[in-house]
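Asker: Using the hints provided, position chain V relative to the given structure of chain E.
Chains E and V, in that order, are what the protein sequence lines are.
The opening position of the first sequence corresponds to residue 1 in the working numbering, with each subsequent residue numbered one higher.
The opening position of the second sequence corresponds to residue 1 in the working numbering, with each subsequent residue numbered one higher.
Wrong hints could be hidden among the right ones.
What the hints assert, rightly or not - Dumping the calculated BS3-like pairs for lysine-lysine here, alpha-carbon to alpha-carbon at most 30 Å:
1) E:Lys-149 x V:Lys-196
2) V:Lys-149 x E:Lys-196
3) E:Lys-199 x V:Lys-237
4) E:Lys-199 x V:Lys-199
If you are wondering where the hints come from, they were derived from the structure by calculation, not from laboratory data.
Given the structure is predicted, the values throughout are model-derived calculations rather than measurements.
Protein chains: 2
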Amino acid sequence: MKILKGKDVAHTIREQIKKDVEGLKNQGKHPKLAIVRLGSNPDDIYYENSIIKNCKDLGIVSEVFEKDLSISTENLVDLLTELNNEESISGILVFRPLPKHIDENIIRNSVSPGKDVDCMNSLNLGKIFEGDMTGFAPCTPKAAMEILKYYEIPMEGKNAVIINRSTVVGKPLAMMLLEENATVTICHSRTRDLEKVAKEADIVLTALGRAKMFGPEYFHKESIIIDIGMSPDSQGKMSGDIDYDKVYQDVAGITPVPGGVGSVTTSILLKQVVEACK
Amino acid sequence: MKILKGKDVAHTIREQIKKDVEGLKNQGKHPKLAIVRLGSNPDDIYYENSIIKNCKDLGIVSEVFEKDLSISTENLVDLLTELNNEESISGILVFRPLPKHIDENIIRNSVSPGKDVDCMNSLNLGKIFEGDMTGFAPCTPKAAMEILKYYEIPMEGKNAVIINRSTVVGKPLAMMLLEENATVTICHSRTRDLEKVAKEADIVLTALGRAKMFGPEYFHKESIIIDIGMSPDSQGKMSGDIDYDKVYQDVAGITPVPGGVGSVTTSILLKQVVEACK
Numbered sequence: 001m002k003i004l005k006g007k008d009v010a011h012t013i014r015e016q017i018k019k020d021v022e023g024l025k026n027q028g029k030h031p032k033l034a035i036v037r038l039g040s041n042p043d044d045i046y047y048e049n050s051i052i053k054n055c056k057d058l059g060i061v062s063e064v065f066e067k068d069l070s071i072s073t074e075n076l077v078d079l080l081t082e083l084n085n086e087e088s089i090s091g092i093l094v095f096r097p098l099p100k101h102i103d104e105n106i107i108r109n110s111v112s113p114g115k116d117v118d119c120m121n122s123l124n125l126g127k128i129f130e131g132d133m134t135g136f137a138p139c140t141p142k143a144a145m146e147i148l149k150y151y152e153i154p155m156e157g158k159n160a161v162i163i164n165r166s167t168v169v170g171k172p173l174a175m176m177l178l179e180e181n182a183t184v185t186i187c188h189s190r191t192r193d194l195e196k197v198a199k200e201a202d203i204v205l206t207a208l209g210r211a212k213m214f215g216p217e218y219f220h221k222e223s224i225i226i227d228i229g230m231s232p233d234s235q236g237k238m239s240g241d242i243d244y245d246k247v248y249q250d251v252a253g254i255t256p257v258p259g260g261v262g263s264v265t266t267s268i269l270l271k272q273v274v275e276a277c278k
Numbered sequence: 001m002k003i004l005k006g007k008d009v010a011h012t013i014r015e016q017i018k019k020d021v022e023g024l025k026n027q028g029k030h031p032k033l034a035i036v037r038l039g040s041n042p043d044d045i046y047y048e049n050s051i052i053k054n055c056k057d058l059g060i061v062s063e064v065f066e067k068d069l070s071i072s073t074e075n076l077v078d079l080l081t082e083l084n085n086e087e088s089i090s091g092i093l094v095f096r097p098l099p100k101h102i103d104e105n106i107i108r109n110s111v112s113p114g115k116d117v118d119c120m121n122s123l124n125l126g127k128i129f130e131g132d133m134t135g136f137a138p139c140t141p142k143a144a145m146e147i148l149k150y151y152e153i154p155m156e157g158k159n160a161v162i163i164n165r166s167t168v169v170g171k172p173l174a175m176m177l178l179e180e181n182a183t184v185t186i187c188h189s190r191t192r193d194l195e196k197v198a199k200e201a202d203i204v205l206t207a208l209g210r211a212k213m214f215g216p217e218y219f220h221k222e223s224i225i226i227d228i229g230m231s232p233d234s235q236g237k238m239s240g241d242i243d244y245d246k247v248y249q250d251v252a253g254i255t256p257v258p259g260g261v262g263s264v265t266t267s268i269l270l271k272q273v274v275e276a277c278k
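Same shape as in the complex, but just chain E (with noise of 0.2 Å):
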């Protein structure tokens, strides 16, 4: 059994970016990340500090750009056009979901394309659906594959089981497994016998959310599990969807939560950033 770290991963990523950083300067390019927050969620802000304090120990500068919940679509629009022709700007992060109030597709497809480090745009969206790998990708399954590849796991004629139907996770990382020549299914809240499906796979990544849902009968002694869910067990503890304590020591390997996927996302949005700003 191993456990797939994604700080070792991580750290991979980041001393690339530092170097990729440190040409830019020396071009007098300076990677900065914009960063939209509505209203002031805890969790976002969790979020916002940890990048924060990434983009600090890279040398990427960032600023918030803090609205109130009640802000219009259009006010919106507006602010993210200012921030498309502000030319000191590589990328722009808008935090989602989000309020019900503003329509988000008219948001996502307002961050211009080619400061979309976290691939919102349909553009951006479309180019992973068509095979094409070479663009902004959405953060998180962009981490889940960063940890498969980091590992030496092998794909290429394997069966991957992905729990998650999202246009954010299960589809585009389905993508993304295909290029890898993987035999991908997508399952969802409708799969019939999931335990089936789940036990017959060689790779397992899931993204439900729900804590410890998966035990140790959905697995077998080759499984390789990506655990992307990330929600509070009874005890209020932070959980992925695998029931870690009673299936890591039965597989052949498995992402920590935390310590797994998560870890890896944001080095995965800071490395977009300063793609955006080559």
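Answerer: Positioned in the frame of chain E, the structure of chain V alone reads:
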């Protein structure tokens, strides 16, 4: 066993098209399809003649823009820009594959999204990926879905196996099946033990283009088979991916080739021309 004939499905779609065309004419609107063909590949001309005949039958105007195979990307873009700007044209179809010297990505995205009745443009493809099925869809996967719906094949919670991972067929088909709450597996040339994977499916959809590739060992009594393949067999006769004669009596439902998905595709295309005119 049920033969899932495309003819009946196409008939229903065509009746609706006729009504819609009538309604549009009463408003002074006349749907028109522009067909862009490079060179004179016999398959293209065969398909073109079938489209022109169907257009006539349904009261849709069609016009063919034939260009030399040696046309440059730039000149083809100029033609598409003209067609985009020409108000009388509702929809544009460009025959593919394009010659190798032409940049297909540029051409695809040069068709205005509102006239893109074959769903080439990244914006329209992106909508499919995002689960928005309100716009134009790629005609072949959409035809497969219309057959499943017409014959009231249950999809919710069913295991659907797609043997094709192209952006034109397999991937959009996966997205459409997910919208119907099927569990979706995408297979391809690197898939191991395809026989087992197909045999565990409730619905198998193949688009491999290898005549009679799949015999009875891939299916069971309850299998529903949608055969999107079309290629000449060893006697030169057009055939699907399924070894039909050996399979059809031992499954629950199967589309014939010819007379299956292919016979619905043109109706989908023309339905989208009418939608574009609206």
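Asker: It remains to establish, for every hint, whether it holds in the given structure.
Answerer: Status of each hint after checking the structure:
1. E:Lys-149 x V:Lys-196: The hint holds at about 28 Å.
2. V:Lys-149 x E:Lys-196: holds, 27 Å
3. E:Lys-199 x V:Lys-237: Not OK: E:Lys-199 and V:Lys-237 at ~42 Å, beyond 30 Å, violated.
4. E:Lys-199 x V:Lys-199: holds, 17 Å
Against the hints set out earlier in the document, a violation occurs for number 3 only.
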